[in-house]
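Protein chains: 2
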Amino acid sequence: MARKIVIVGGGCGGGTAAQFARKTDRTSEITIVEREIYPQYSRCGLPYGISGIIPELTNLIEAPEERLRKSKIDVHLGSTVTKVDAGGRVAHVSKHDGEKLELEYDSLILATGAKAVVPPIKGTVVEGGPSDALKGGVYVLRTIEDAKGIQSLASKGKRAVVIGAGLVGLEVAEALLIRGCKVTVLEYLSNCILAMVDDDMAQMMADALAKEGVKMFTEYEATEILGEDKANCVVANDRKTGEERTFYADVIVFATGQRGETALAKDIGCVTGPTKQITVDDRCETSVKGVYAVGDCTEYPEFITNEPTVSGLGTIAVKMAIVAGVNAAGGDDRLPRGFLQTRATEPFGCQVAAVGPTTAQLEQAGMKPLIGKVRGFTLPDYFPGRKEIYVKVLAHPDNGRILGAQIVGESRVHMRVNAFAAAVQAGMTVHDFSKLETAYCPPAAPTIDVITIACEAVRVKMDRMSAAAAGQRAS
Amino acid sequence: MARKIVIVGGGCGGGTAAQFARKTDRTSEITIVEREIYPQYSRCGLPYGISGIIPELTNLIEAPEERLRKSKIDVHLGSTVTKVDAGGRVAHVSKHDGEKLELEYDSLILATGAKAVVPPIKGTVVEGGPSDALKGGVYVLRTIEDAKGIQSLASKGKRAVVIGAGLVGLEVAEALLIRGCKVTVLEYLSNCILAMVDDDMAQMMADALAKEGVKMFTEYEATEILGEDKANCVVANDRKTGEERTFYADVIVFATGQRGETALAKDIGCVTGPTKQITVDDRCETSVKGVYAVGDCTEYPEFITNEPTVSGLGTIAVKMAIVAGVNAAGGDDRLPRGFLQTRATEPFGCQVAAVGPTTAQLEQAGMKPLIGKVRGFTLPDYFPGRKEIYVKVLAHPDNGRILGAQIVGESRVHMRVNAFAAAVQAGMTVHDFSKLETAYCPPAAPTIDVITIACEAVRVKMDRMSAAAAGQRAS
Numbered sequence: 001m002a003r004k005i006v007i008v009g010g011g012c013g014g015g016t017a018a019q020f021a022r023k024t025d026r027t028s029e030i031t032i033v034e035r036e037i038y039p040q041y042s043r044c045g046l047p048y049g050i051s052g053i054i055p056e057l058t059n060l061i062e063a064p065e066e067r068l069r070k071s072k073i074d075v076h077l078g079s080t081v082t083k084v085d086a087g088g089r090v091a092h093v094s095k096h097d098g099e100k101l102e103l104e105y106d107s108l109i110l111a112t113g114a115k116a117v118v119p120p121i122k123g124t125v126v127e128g129g130p131s132d133a134l135k136g137g138v139y140v141l142r143t144i145e146d147a148k149g150i151q152s153l154a155s156k157g158k159r160a161v162v163i164g165a166g167l168v169g170l171e172v173a174e175a176l177l178i179r180g181c182k183v184t185v186l187e188y189l190s191n192c193i194l195a196m197v198d199d200d201m202a203q204m205m206a207d208a209l210a211k212e213g214v215k216m217f218t219e220y221e222a223t224e225i226l227g228e229d230k231a232n233c234v235v236a237n238d239r240k241t242g243e244e245r246t247f248y249a250d251v252i253v254f255a256t257g258q259r260g261e262t263a264l265a266k267d268i269g270c271v272t273g274p275t276k277q278i279t280v281d282d283r284c285e286t287s288v289k290g291v292y293a294v295g296d297c298t299e300y301p302e303f304i305t306n307e308p309t310v311s312g313l314g315t316i317a318v319k320m321a322i323v324a325g326v327n328a329a330g331g332d333d334r335l336p337r338g339f340l341q342t343r344a345t346e347p348f349g350c351q352v353a354a355v356g357p358t359t360a361q362l363e364q365a366g367m368k369p370l371i372g373k374v375r376g377f378t379l380p381d382y383f384p385g386r387k388e389i390y391v392k393v394l395a396h397p398d399n400g401r402i403l404g405a406q407i408v409g410e411s412r413v414h415m416r417v418n419a420f421a422a423a424v425q426a427g428m429t430v431h432d433f434s435k436l437e438t439a440y441c442p443p444a445a446p447t448i449d450v451i452t453i454a455c456e457a458v459r460v461k462m463d464r465m466s467a468a469a470a471g472q473r474a475s
Numbered sequence: 001m002a003r004k005i006v007i008v009g010g011g012c013g014g015g016t017a018a019q020f021a022r023k024t025d026r027t028s029e030i031t032i033v034e035r036e037i038y039p040q041y042s043r044c045g046l047p048y049g050i051s052g053i054i055p056e057l058t059n060l061i062e063a064p065e066e067r068l069r070k071s072k073i074d075v076h077l078g079s080t081v082t083k084v085d086a087g088g089r090v091a092h093v094s095k096h097d098g099e100k101l102e103l104e105y106d107s108l109i110l111a112t113g114a115k116a117v118v119p120p121i122k123g124t125v126v127e128g129g130p131s132d133a134l135k136g137g138v139y140v141l142r143t144i145e146d147a148k149g150i151q152s153l154a155s156k157g158k159r160a161v162v163i164g165a166g167l168v169g170l171e172v173a174e175a176l177l178i179r180g181c182k183v184t185v186l187e188y189l190s191n192c193i194l195a196m197v198d199d200d201m202a203q204m205m206a207d208a209l210a211k212e213g214v215k216m217f218t219e220y221e222a223t224e225i226l227g228e229d230k231a232n233c234v235v236a237n238d239r240k241t242g243e244e245r246t247f248y249a250d251v252i253v254f255a256t257g258q259r260g261e262t263a264l265a266k267d268i269g270c271v272t273g274p275t276k277q278i279t280v281d282d283r284c285e286t287s288v289k290g291v292y293a294v295g296d297c298t299e300y301p302e303f304i305t306n307e308p309t310v311s312g313l314g315t316i317a318v319k320m321a322i323v324a325g326v327n328a329a330g331g332d333d334r335l336p337r338g339f340l341q342t343r344a345t346e347p348f349g350c351q352v353a354a355v356g357p358t359t360a361q362l363e364q365a366g367m368k369p370l371i372g373k374v375r376g377f378t379l380p381d382y383f384p385g386r387k388e389i390y391v392k393v394l395a396h397p398d399n400g401r402i403l404g405a406q407i408v409g410e411s412r413v414h415m416r417v418n419a420f421a422a423a424v425q426a427g428m429t430v431h432d433f434s435k436l437e438t439a440y441c442p443p444a445a446p447t448i449d450v451i452t453i454a455c456e457a458v459r460v461k462m463d464r465m466s467a468a469a470a471g472q473r474a475s
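As they're listed, the protein sequences go chains A and B.
Numbering-wise, the working numbering puts 186 at position 186 of the first sequence, and it's gapless, one number per residue.
Numbering-wise, the working numbering puts 298 at position 298 of the second sequence, and it's gapless, one number per residue.
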C-alpha cells in the first residue's frame, strides 16, 4: 500500500519537504495543507515585491499548483489542520469552503512556520476586535497579504515608521524608501542587526542608513500607537533619557521578531525545548514517532555553542525540509550536528554576511573568542572600482579554531562568507585558513584576500600570547 | 650584528619576501637586486594596462621606491646578480651603470621568476641577432616593456594574432579586442584554458570568444612567422587535417607558457626537480642551506596528487614569499603540504574559477574522480538579473572527498570557488559540503546554492553505486 504523507504548511519548508518526499518515494501519497491561499512562495522576497524590484508579489510563488500536480502532490490551500489523532494517525482538516477532511498518514510533517510578534503595547489592535487584528495602518511582514497592505499605503512622500532594525526591518525600510517614503526606524537595542553581527560591524549598516536619509533611533522603545480607526503616530521612549517622543506615520511596520506556530505540535504531544519551539533530532523527527518538524517552528543546536536555537532562516528551513521529506518517505538523511546560521542581507547598498555566533552570543555561552578584524579592498590597489570591505573573524583562544566570521562592504561580500562557512563546518583553524589560496585575478579579487588577512591577524595575536606565556614560564 | 638578506628579483615574490623579512626582523639589512628598471609591479595586471582599463602601465607598480626606502629595503634596479659564492655567502652584482657590488648575506632568496617561452619556429627572432631578441611585431607578455610594445601596435582596426589560448593568451586577446583590434587566437590543444578547467567547462569560454567576435582556431600549430624586419603573418598548421593556413597580423603575441629562471640556482648548486624548477621544502628553503626560493622558478607538491608542480600563479608566489621572507629573517613559517592552485580569470565577460586538479590532471596521476556537474542560477528564480552558472565538482570515488571544483558563469563566480578551496584544504567530503549553509538573500544568492547542489549530485551517484554494489553482493 502506498505510503501516506501529510504536510502541515506549504511554505518553503513544507513545499521542499513534499518535493524530496516525492523524489524518495515515487508511489507515496503526499498532501499539503496550507492556511494561506497561495502555494509556496518566498517570504524573503517580500521586501523586493513591496519595493517593486520584483514587479508582482505573485512572482514570488515558487511552486505553482500545476507544478505540484505534475509531481502528484495534493495541496489544499486556505485550509487548516484543526486536530491530529496521533495514535490513529489521522489529520482533521477544515477546508476554506467549510468542507471537513480526514487525512490518514504514515508520516506527518509539521512545517507550520512562525507568526510575526507585535509587542503588547497600546493601540496596535482594533479595540474590542480579535487580538491579532492589527489596526489600519499597522503591519507586520510575513505574508503576501501583509506586503499588499504595506504597498497600498507606501506611496511617494508618505511617512513610514519601521519598528525593529533587524534583517527584516531594514529590508522593509529599504523597500519603503525605494517607494518614496520618508522612513524612520526605531530600535530597542543599541544598534541595528545585532542578531547578525557585532556592534562595530553593524555600525557600517547604521552609517549606510544615515547616508540614504533613513533616520534610525536606537535604544528607543515603542510604547503606544495613536489613531482611532487608522494608526497615525508611534509614541516611543528614549531608553537612555526616559524622554518620550512622537513619530507621525502613514504606515507603521512592526519587525519585532516572530514566534513559531507550535500549538498543533503541542496538541500532538511533541516535546518543545528551551526556546519553546519543537525539538527535533538529526532526522528532523519530533519526540512523537512518525511526526517530523522543520523550519521556523523548530529548534536545533547551533553548531559552535551547541545551544538549541531558532533560526528563522530560509536556508535552514529548506535544509531541514530535505531531511524530513526524505525520512518521511522512508529514506535516510541526516542533518549536520548543528547549524552554522550563515546569513546575509544587503539593504541600502550595504552588504552584510556572517556565519556562526556573534561575539555576544559566544560570550553568553561562556566562550571568549580571539578577534581578528581587518579593513581591506575587494580588488587590487591599482584596479579601478575597488571597494572597502571589512572582515571580522572570531576564533577559539586555545586552538585558533574558527568560530564565526562577519563581513561588511559595498560589494563582493556574500560569497566570501561561504569560505568561512566551510571552514567553520570543517573545523579549520585560523592557521590553516590564513594560508588558504583564494581566487585571484585583477578584476575580481586581490592577491591576498582580506578573508585570509583577518585570520592572519588572529594568528599573530596567538603567537604573541604564546610567546608572552613562554616568557612568563621562563622568568 | 645585523642579519643580511639578499633577494634576487624584485617582482611580487621578491618584494613580498622583503616586506615579511622586514616585519620579522626590524634590524636586518635587506637588499633587492632587480633586473628590470621598475620596482615591484603586478604582472597579472598587464592585460588591463594594455586595454586601458588601468590608465597607465606604471599604475601597476605596487611598491614604489620611496615605500621600500621607508621600510629600509635597499633596491638595485636594472641590476643583475652575476654570480653567487654560496660557501662565502657573497652575491656579486653588476649594476646598470657598470658598477660592481659584492653583497654579503646570511640568507639569500631567489625570486628570479620565469621567462616567457616562444616555440622554436622559424621567423620569431631577427636573423643573426641574439636568440631572445624577438622580431618587430612579435611579442610575449611578461614585462611592462612587453606591454608597451604590444600597446604601440594594437590600435583600432589592426589585426592581432594571439598564439596560445591559456589564461594569459585570452586576457591579452581581450585587451587587444578592447583596443579595437580584429583578434584571432590559435591554440595547439582542442580547446582554450585546458590547464584551468575541463574541456566541457572551457567550451563556455570558447562560446564567449565567438560571441565577442574573436576567432579561435583550436588544434592549430604555429609553424612560421613571416615578414622581414617586421612580422606580418603567422603560418599555422591544422593538426586535424594537416592543412596549412596563413593569418595576416599587425601584431603577434606568443602566450605559450613560461620557464623558470633557474640558471643562478643551478650555479649555486640548488637541486631542481622533475619539472626542472627549484625544489624547496615547506620552509621554502632550497637544498642549499640559507638559500630560499619562491614563485615561478620553483616547484612544490600539488595538494591532491602530491606531484611536484610549477604554478605560475601570483597568489602562490606571494604565499611562498611570505614564508621565505619570515624564515630568511630568522622566523619560523611553513607552507601547507601542497598547493591547491586556486585560479581565476574573466575575459570576454566569462568568469572562470577553479581549484585542484582538472579531470585530465587527476587521471594522469592515476585517479578517476566522480563528477557532479550542474547548471544553476546566481539568484532566485523570481529575482531579476539572475545569470546562469555552471559548477563541476570532482570527488574521490571511495570516500567522496572533494578533489577539485570548476565554476563558469557571467557573474558571481570567483568568490564561490573560495568555499571549495577551503573544502579541499580541510578534506571535506561531498556529503558534508552538500549540507553547507551558504549565504542567502534574494538579491545575492538562491536558498540552495549551486555549489552545494553539485556536491549533492556526486553524493547521489555514490549512493546509487553503493546500492548497486550491495545488490551485486546480495545476488
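Hint data in this document are derived by calculation from the structure and do not stem from the laboratory.
No experiment lies behind these values; they were computed from the predicted model shown.
Don't take every hint at face value.
[Claimed, not checked] Here are the simulated distance ranges between beta carbons:
#	chain 1	residue 1	chain 2	residue 2	range
1	A	R464	B	A263	51 to 61 Å
2	A	T82	B	D199	54 to 64 Å
3	B	R464	A	D398	40 to 50 Å
4	A	T58	B	N306	48 to 58 Å
5	A	E212	B	A263	54 to 64 Å
6	A	R375	B	I37	49 to 59 Å
7	B	P384	A	G290	41 to 51 Å
8	A	R375	B	G128	26 to 36 Å
9	B	K95	A	D398	45 to 55 Å
10	B	I37	A	A469	27 to 37 Å
11	B	N306	A	G213	53 to 63 Å
[To be verified] Heads up, simulated EDC-like pairs for lysine to aspartate or glutamate below, C-alpha to C-alpha not over 20 Å straight-line:
#	chain 1	residue 1	chain 2	residue 2
12	B	K461	A	D25
13	A	K23	B	D199
14	A	K70	B	D381
15	A	K461	B	E66
16	B	K461	A	D333
17	A	K182	A	D250
18	B	K387	A	D250
19	B	K100	B	E36
20	B	K70	A	D381
21	A	K387	B	D332
22	B	K23	A	E456
23	B	K461	A	D332
24	B	K23	A	D333
25	A	K23	B	D463
26	A	K461	B	E456
Note that the Cβ used here is the ideal one computed from N, Cα and C, for glycine as well.
Hint-by-hint comparison with the structure:
For R464 of chain A and A263 of chain B, the Cβ-Cβ distance of about 41 Å falls outside the hinted range of 51 to 61 Å, so the restraint is violated. For T82 of chain A and D199 of chain B, the hinted distance range of 54 to 64 Å is satisfied, since their beta carbons lie about 59 Å from each other. A hinted range of 40 to 50 Å holds for the C-beta pair R464 of chain B and D398 of chain A, which are about 42 Å apart. Range check, T58 of chain A to N306 of chain B: Cβ separation about 55 Å, and the 48 to 58 Å hint holds.
Separation of E212 of chain A from A263 of chain B is about 59 Å and conforms to the stated range, judged on CB atoms against 54 to 64 Å. Checked against the hint of 49 to 59 Å, the C-beta distance between R375 of chain A and I37 of chain B comes to roughly 33 Å, which is inconsistent with it. The hinted range of 41 to 51 Å is satisfied by P384 of chain B and G290 of chain A, whose Cβ atoms lie roughly 42 Å apart. At roughly 56 Å, the beta-carbon separation of R375 of chain A and G128 of chain B lies outside the given 26 to 36 Å, and the hint is violated.
For the pair K95 of chain B and D398 of chain A, the supplied restraint of 45 to 55 Å holds, since their beta-carbon distance comes to about 52 Å. Range check, I37 of chain B to A469 of chain A: Cβ separation about 48 Å, and the 27 to 37 Å hint is violated. The hinted window of 53 to 63 Å between N306 of chain B and G213 of chain A holds, with their beta carbons roughly 58 Å apart. Between the alpha carbons of K461 of chain B and D25 of chain A the distance comes to roughly 17 Å, so the proposed pair stays at or under 20 Å and holds.
Under the criterion of a C-alpha separation no larger than 20 Å, the hint pairing K23 of chain A with D199 of chain B is inconsistent with the structure, at around 31 Å. Restraint check for K70 of chain A and D381 of chain B: satisfied, since their Cα atoms lie roughly 19 Å apart, inside the 20 Å limit. A distance of roughly 29 Å separates the Cα atoms of K461 of chain A and E66 of chain B; the hinted pair therefore is violated under the 20 Å criterion. Of the supplied pair hints, the one linking K461 of chain B and D333 of chain A holds, its CA atoms being roughly 15 Å apart against a limit of 20 Å.
Note on K182 of chain A and D250 of chain A: the hinted pairing holds, with a Cα-Cα distance of about 10 Å set against a maximum of 20 Å. About 38 Å separates the Cα atoms of K387 of chain B and D250 of chain A, which puts this hinted pair outside 20 Å; it is violated. Distance restraint check for K100 of chain B and E36 of chain B: the Cα-Cα separation of roughly 17 Å lies within the 20 Å cut-off, and the hinted pair is therefore satisfied. Among the hinted pairs, K70 of chain B with D381 of chain A is consistent with the structure: their alpha-carbon atoms are about 19 Å apart, no more than 20 Å.
Restraint check: the Cα-Cα separation between K387 of chain A and D332 of chain B comes to about 34 Å, which exceeds 20 Å; the hinted pair is violated. This hinted pair checks out: K23 of chain B and E456 of chain A have alpha carbons roughly 14 Å apart, not beyond 20 Å. Note on K461 of chain B and D332 of chain A: the hinted pairing holds, with a Cα-Cα distance of about 15 Å set against a maximum of 20 Å. A threshold of 20 Å between alpha carbons decides the hint, and for K23 of chain B with D333 of chain A the separation of about 50 Å lies outside it, so the pair is violated.
A hinted pair counts as satisfied when its Cα atoms are at most 20 Å apart, and K23 of chain A with D463 of chain B qualifies at roughly 14 Å. Proximity of K461 of chain A to E456 of chain B is assessed by CA-CA distance (about 38 Å); at most 20 Å being required, the pair is judged violated.
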